[in-house]
Structures are given as structure tokens and as C-alpha cells.
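2 protein chains.
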Amino acid sequence: MISVMRYGHRIGRDKRTTTHVGLVARAFGADEFVLVGMDSTPLKTLENVVDNWGGDFRAIRIKNWRKFLRDFSGVKIHLTMYGLPLNKILSKIKADYTKSKNLLVFVGAEKVPPEVYELCDYNVAVGNQPHSEIAALAVFLDHFVDAQSIGFDGAVLRVEPQARGKKVVKL
Amino acid sequence: MISVMRYGHRIGRDKRTTTHVGLVARAFGADEFVLVGMDSTPLKTLENVVDNWGGDFRAIRIKNWRKFLRDFSGVKIHLTMYGLPLNKILSKIKADYTKSKNLLVFVGAEKVPPEVYELCDYNVAVGNQPHSEIAALAVFLDHFVDAQSIGFDGAVLRVEPQARGKKVVKL
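Quick note, the sequences are listed as chains A and B, same order.
Quick note: the first sequence uses the numbering used here, first residue 1, plus one each step.
Quick note: the second sequence uses the numbering used here, first residue 1, plus one each step.
Bound conformation, chain A alone (with noise of 0.2 angstroms):
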């Protein structure tokens, strides 16, 4: 079971940002997203997303993500361009994995405080240049997750892939 939790999310400035981290949580293997704080608005639209695209993906709000992350049973790490290279500790998180059977990707929006960097068994660069919370989620997740693995159970709408234009099926 993977887990990504959303640190930082501020009401109205953050909006758009904190629904793409769900969203990519949901498209690229995650079965939970945990929000941090009062704004349940992305996590509307994010359930809206199930009920069409299908899939088990749960999103849920909390309040106090210290507890949450303290007491979180599997392997905790923070995304952060701050931390060591994802190639070189990957496959030390995928063992890990192997064992617990449960994965926390903490994601922040701006600041996130140093306690974080202790609480966290790894902390992981998808590159140490200033890029963006929700291309280090995304990128983490394709390496990590088996995307064939990924299925959306009980979808009423299915892309049918093209080479031009959209196609979309009601199921």
C-alpha cells in the first residue's frame, strides 16, 4: 500500500497544485492521498475523478500530520531536491518495501519544517535543481510502481488511446 501525503497546503493559493498531486498520486499507483489541513476541495474533486475513472484510490483529510507520519507503519520518505539521489537509493526503498509492505511519500508545498528530514527514513532528489512537488511525485512513482501493475476498477469512462484527437468510452 502506498501512501502520499500533502504537507503545506494553503486554502486558494495551493488549489491547483495540491489536485495535480493527487491526481498523479491516483494515475501512477498510489491507493491513498492524505491531506494536511481544513480544505476539503481537492479532495472533492479528486473523488469525483473516481467515481468516473474507477479504482480503489481513497483520499482522506487529517489534521495532525506530525502523529500521522510518526506513526506510520512501512517506509516513510521525503521528496525533496534537497536529498540524495533517487538512482542511487532506489533500490534500498524498493527492499524495504519488500519487507513492510507499506510506503509514506511525504510532499510539501513550500517550507517544510526540519523535523520532517528526521521523521523520514529516506529523504529523495529526483534531481537537487528547483523543479516541482508534483514532477518529483510523478517521477518517483514511475520508477518505483509497476505501471502494468495500475488497474482502475469500475470505471465508467475509459481513454481509448489515439494517434489523433480523443476518444473516450462510457462503459
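Same chains, same names: a pair is fine if it fits in one copy or spans any two.
Each computed DSSO-like pair below joins lysine-lysine, with the alpha-carbon atoms no more than 27 angstroms apart:
hint : residue 1 : residue 2
1    : Lys92     : Lys67
2    : Lys111    : Lys44
3    : Lys92     : Lys167
4    : Lys111    : Lys166
5    : Lys111    : Lys167
6    : Lys44     : Lys15
7    : Lys15     : Lys111
8    : Lys170    : Lys88
9    : Lys111    : Lys170
10   : Lys167    : Lys88
11   : Lys63     : Lys44
12   : Lys67     : Lys101
13   : Lys167    : Lys94
14   : Lys94     : Lys166
15   : Lys67     : Lys166
16   : Lys88     : Lys166
17   : Lys92     : Lys166
18   : Lys67     : Lys99
19   : Lys99     : Lys88
20   : Lys67     : Lys44
To be clear, the hints were calculated from the coordinates, so they are not data collected in a lab.
Given chain A, put chain B in place with the hints provided.
Positioned in the frame of chain A, the structure of chain B alone reads:
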């Protein structure tokens, strides 16, 4: 040379997502960011990043996207969840790029005119689930560019990767 074109940017609403698209373009190896429209706010952020973190990346603003896309000499791809799977057409795109030496990656916000699907050589899906243009760009470039080849000359700041905490070196 790799250019990333951002279409459909709405002032205010897309400020953060467009900036993420530009940052990802730079961090993952593109040479140029082409913003369609009248808003130069995201370009200023990108210029500041280049000043501090180096490299030859340039960010420009254009008005006529249709002309730019039509006149572009090289491979043109459009990232869309309705397109053909990346892993099925990546080698074709790479082969074309080897010949033409230029690649344009078209990235939309919400609605993209049907014409774009025709003007581009390939409509490429990084997964057929709703996700994020920022994620699509990052994953595409991660598969397309040799990360080792990316240089950021002239940087004032550089991250020294750490297992814990942050270390930024002033050069």
C-alpha cells in the same frame, strides 16, 4: 534543442502550475520555455532561477502559438492523456529527433484546440488517466533526456545532496 511550449495559461489561476511547467522544463533538460499569452510573471521566476542555479535555459513569451507551432522545424509532440502510450512511441520520437535535432513539447492547460492534435507529429500519453501536465512533462523528459548530460554552468547556488537536512553551497 528541446523547447517546451505552454498553451492555455490563465493569468492568476495558472500562475503556479505554469511556473512548475517552466521549472520542470529546465530541471529535466529542456533548453527553452515558450509561454503563450500576455503574462510575464512566470518568466520572471524562471529568470531568477537561471540567475541563481545556472544553465542556458531561456524563457520567452509569444502571442501567436499557431504560427510558432506550424513554423517549428523539428519533431513536435503534444502531451495528452488521449494520445498513444509513451512506451510505444518513444523510440520513434527519439529516432526522429536524432535526424532533426529539434523537439517541441506542447503542454496545454485545460482545453486544447483540436488543431493541435493535427499540427503535432505525435500525441503522447504518459498514462491515460487524468493526471497533470506537469507530471506528464517530467516523466516524458525523464525518459527522453540523458540526465547525466544536463549541465548548469554559471550557477551561484548548488545543492550538496544530503541524507538529512539541507545544504546549499554558494559558488
